[in-house]
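K.L.:
In order, the protein sequence lines correspond to chains E and Z. By this note's numbering, the letter at position 152 of the first sequence is numbered 154, and the numbering carries on one by one without gaps. By this note's numbering, the letter at position 4 of the second sequence is numbered 6, and the numbering carries on one by one without gaps.
Think of the hints as simulated: they come from the structure by calculation, not from any bench. All of these numbers come straight from a predicted model, not from anything done at the bench. Any given hint could turn out to be false.
A pair holds if it fits inside one copy or across any two, identical chains being indistinguishable in the list.
[Claimed, not checked] With a Cα cut of at most 20 Å, we get these calculated SDA-like pairs of lysine to any residue:
| # | residue 1 | residue 2 |
| --- | --- | --- |
| 1 | LYS306 | GLU85 |
| 2 | LYS235 | GLY21 |
| 3 | LYS306 | ARG92 |
| 4 | LYS315 | GLY69 |
| 5 | LYS306 | PRO87 |
| 6 | LYS12 | SER31 |
| 7 | LYS12 | LEU73 |
| 8 | LYS315 | THR112 |
| 9 | LYS306 | ASP101 |
| 10 | LYS306 | ASN93 |
Number of protein chains: 2
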Amino acid sequence: MRDAVQMNMKYSIGVDLGGTNLRIASYASGVDFLDTILVPTRLSEGRERVIRDMCEAISALSKKGYGPRTLAGIGIGTPGPLELPEGILRNPPNLPNWDGFDLRMAVESTLGRSIEIESDANLAALAEQKCGAGQTHNTDSLCMLTLGTGVGSGLIFHGNIWHGATGMGGEAGHLVVESNSPVACGCGGYGCLEQYASASAVVRMALEIMGPSAPATSQEVARLATEGNPEAKIVFSRVGHSIGIALTGLINTLNLPLYVIGGGVCDAWDLFAPEMFRTLCTRSYVYRLTQPAALQPATFERHKTYVLCAQLKSNAGLLGACLLPFQQN
Amino acid sequence: MRDAVQMNMKYSIGVDLGGTNLRIASYASGVDFLDTILVPTRLSEGRERVIRDMCEAISALSKKGYGPRTLAGIGIGTPGPLELPEGILRNPPNLPNWDGFDLRMAVESTLGRSIEIESDANLAALAEQKCGAGQTHNTDSLCMLTLGTGVGSGLIFHGNIWHGATGMGGEAGHLVVESNSPVACGCGGYGCLEQYASASAVVRMALEIMGPSAPATSQEVARLATEGNPEAKIVFSRVGHSIGIALTGLINTLNLPLYVIGGGVCDAWDLFAPEMFRTLCTRSYVYRLTQPAALQPATFERHKTYVLCAQLKSNAGLLGACLLPFQQN
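Same shape as in the complex, but just chain E (with noise of 0.2 Å):
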């Protein structure tokens, strides 16, 4: 009750550090963003730029002060890999030249203060469990798939991000889902489920399939397989297929209550989940044991495997760097 009392007052401010947007928004209690700052990021500019628009939006917003609130702290929400503790960005995708950076010490000493970080795609994770899905399902422990174009993942653990041990825990869009697969990922594997679930695979699955006539967005094949193009449906088969593969894994291993998925090809949710559900039931045993009764129960049973749509939108990354400066560790 305490805690609460002094959560109450205090605020906190986030960032999502993005590779086109950075959004900074200060927030309180409950799911409420107090105020939010949008710039885009100016990476062609260098990243010395970047950090100093992301330090000048925080300090902008401790300025203001928030009445009675004091500022409980920092969350930074990065794309990753981060090497954690230390902070250290190695070869993110969405960050060009950025390899090796130290995030931290670089906002850390434009800022004069200690800051949290943590990779986006655990953050969007942690809003989930903190004031999404993980609520209404009533667990403290879920895995998020995150299905933009790339696929992020992250895992929550008892209320607590799971980092392992050197930040990179989480990484589930590189589970091998084509073990024989020639299609090379950006990390440098084959055949990840990368490769299958993003906004970026639909769009090449659908070059493959559909040839030069194919849309050149996902939003756009997804659009087709709605009004029933068999070529389009094959794509969003095949997503369901892979996202089924995956989560065969994660659920045998982990055994988690709570699998949701988010980001803008879910979207398609009614276009691949059939297959998904398909491929699980087939393949995962520990799905079949412990698979709900209906997918949309009317109440939450206890000991089932639940697989949702993400609840919170694109805002879940913002809201979980907003949350950081809450959490206990």
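With chain E held as given, fit chain Z onto it using these hints.
P.N.:
Showing chain Z alone in chain E's frame:
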């Protein structure tokens, strides 16, 4: 310190319930068994018979008394899948006709006291963390794969067994490693690690490659491979590749500092490990980023990912059962 003294003044009793043998031991701190009892698992005489044999041996040991030591508790290891916290078996392949059996209640009502219960693969992992590779490599988190008749596995996170929501965490033997494989697995799926890295898999793959002249045991296949037989060598190369694909998923997802491989097939380490490491280096970018400079360094390097042969041999499961009553949760 007080905990250490209290642990020294106590003993435990552990049971390793196998499909062939039933092993019961008393144990005091360190890795020392005080007494061990080995009896056949009389499955053909019904599960009540097996439970009676088990409980008689436990009573015999507890009646011995061990000087000033008092009984800390009784730990039972059983083939899985095991539903926890209840302690109910779910169609265990190595205990035919035990599906739905409430093992915990059967033992507790016979003994008239409470017990701790756990799947045998999880206990082997616990023993390896507390008394094996986890100690020499100074880590409280690891994943263990046990390559026996099947492939078992266990996860230890921060010194505790990871059960998952219903006790079925750690079934990495059923990660899909050959997504288009027609090879059916005992779990109901296809292309699981168990079908490419267990002793039975070695025999099946040898038959596929060598035809009717193939040896009937995995040890024989290993002997041929050691002598240079090219077909037998291919079998172990496939074992190594499959473990590499499974470890890629585990390492990218969990980023643990240590992965331990045990079980009988591990005697053929030199035959499968080269291809396993080759696959890992190609497929797992988290492994590449965290790979130790030498596989067997003189000193353990923090922040590196080690994949090692288990240090404890066939006693690991029994030792884990004895350690269970000393666990905090």
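K.L.:
A separate judgement is required for each hint: does it hold in the structure or not?
P.N.:
Here is how each hint holds up against the structure:
{"no.": "1", "hint": "LYS306 with GLU85", "in the structure": "between (34 Å within a copy, 12 Å between copies)"}
{"no.": "2", "hint": "LYS235 with GLY21", "in the structure": "neither (30 Å within a copy, 47 Å between copies)"}
{"no.": "3", "hint": "LYS306 with ARG92", "in the structure": "between (37 Å within a copy, 15 Å between copies)"}
{"no.": "4", "hint": "LYS315 with GLY69", "in the structure": "neither (29 Å within a copy, 64 Å between copies)"}
{"no.": "5", "hint": "LYS306 with PRO87", "in the structure": "between (34 Å within a copy, 14 Å between copies)"}
{"no.": "6", "hint": "LYS12 with SER31", "in the structure": "within (8 Å within a copy, 48 Å between copies)"}
{"no.": "7", "hint": "LYS12 with LEU73", "in the structure": "within (6 Å within a copy, 50 Å between copies)"}
{"no.": "8", "hint": "LYS315 with THR112", "in the structure": "neither (31 Å within a copy, 54 Å between copies)"}
{"no.": "9", "hint": "LYS306 with ASP101", "in the structure": "between (41 Å within a copy, 19 Å between copies)"}
{"no.": "10", "hint": "LYS306 with ASN93", "in the structure": "between (38 Å within a copy, 18 Å between copies)"}
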